Amino acid sequence: MLNKYHRLNLKALLLGALGLLALNSAFAQMDHSAHMSKMSMGKPPACEGSGLDCANAATPFLKADGKLLLAWTSGGKVSVAQSVDMGKTFSLPTVVAEHGKSLDAGGDARPQIVSDAKGNIFLAYAFFKDSKWNAQINTARSTDSGTTFSAPESLVVNGSSERFPSVLMRPDGNIFITWIDKRLVAASNKGGQKKLGGSISYSNSLDSGRTFQTERIANEDSCECCRIGVSLNQKNQPVIIYRAIFPGGVRDHASQIISSNGPDKIRRIANDGWKTDACPHHGPAIGVSSQGTIHTAWFTQGANRAGVFYANSHNEGASYSEPMRLGKADASTSRPYLLALGKNVWLVWKEFDGHDTVVVMKQSGDDGKTWSKETMLSKTADYSDHPLLISQGNQVFLSWLTRADGYQLTKIGQIE
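Following my numbering, the numbering of the sequence shown begins with 15 at its first residue and continues without gaps.
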């Protein structure tokens, strides 16, 4: 077993602070990240190894048997480990794939991992095929509870470029996956017409990830570099949120319900008016309550509003509430994430004061009608991953990886 990662000593902290602007994965992070400098404390300090202590991002999943799965990328490798004590210690990691500097290793491009009730594990990640940021999504499976994985295979046959997969496991064990796809951009550019951004594609697997149905496009015009949020509604339909491209090059957020008949209407969440051709690398979050309320949170630097905001919809996205600002107006606020469980909603985000990064939480027990006061959950003075929320039964946990304190899974609430 691997012990929980030791705190860095003072010398390492100073070196880490000086190295915040160094790229741990330069190949994956160079494209259009100008807006990111104001959102966080910078890039992670360089770290040579492939272990969790060198990871920039880690993705958790709680299995039906109570074990914690954790997938991460570091040192050009995609690794998976398990914990029987809620993240205090981990098994020796299994290296699923190795791509070196071509691995797509940013926080929004984190590997995706899910498991069904039978213990089958499904993993998805992306790597770059060339120097023009064209990528390929690979998938791998384990049928022995994570001891071994199949050789990674491409999700899309003869694809042009696919990035930022988001994966959801349905209660029946079927898998839904959505990603940023650039086939329409490639076809348009080949025809001599320049097209910006990408498209939102999706597919389903009815056999635990062995095969996938022919992919479909939900929206032809989306940002090419922001993760997609996904959640199930009370009808067990995936609901997705993403940064769309509206007329005039405005990159505001939209939601869509994906039914068995295909994608529903594109619903604009808010008119932020962010007109930009750059890549924020800053995806949104979504959660759907048992009442069918769609809860959303996102980052924007629009002409109409700037910062991190929350809004909800009680009519399947036909209209959304007036956006509510998260965090202080003068704070560097970023990386919102939320989880809905019954009528309860947990909402977290990061704030940076120039020295420390903190994770802040608000909670609602009445489906977003009223909210608790802000509560600080955790703090670090070094590099940190995005805060994530996961649940098991009636309990909710904050998942957070920091360079100074390692991986932390902290219970933050429950419903009775």
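Keep in mind that the hints were calculated from the coordinates and are not lab data.
Each hint should be verified, as a subset may be incorrect.
In the DSS-like style, the derived pairs of lysine-lysine whose C-alpha atoms are separated by at most 30 Å in a straight line are [claimed, not checked]:
1) Lys115 x Lys249
2) Lys143 x Lys204
3) Lys115 x Lys204
4) Lys249 x Lys357
5) Lys357 x Lys383
6) Lys342 x Lys383
All values reported here derive from a predicted model rather than from experimental measurement.
With the threshold set at 30 Å, check whether the alpha-carbon distance from Lys115 to Lys204 stays at or below it. holds, 28 Å
Checking one constraint from the list: CA of Lys342 to CA of Lys383, max 30 Å. Satisfied? holds, 20 Å
Does Lys249 sit within 30 Å of Lys115, going by the straight-line distance between their CA atoms? violated, 41 Å
Quickly compare the C-alpha distance for Lys249 and Lys357 to 30 Å and report which way the hint goes. holds, 16 Å
Holds or violated: Lys357 to Lys383, with C-alpha atoms at most 30 Å apart: holds, 10 Å
Against the 30 Å threshold, does the CA-CA distance of Lys143 and Lys204 hold or violate the hint? holds, 18 Å
Hint 1 alone, counting from the list given before, is not met by this structure.
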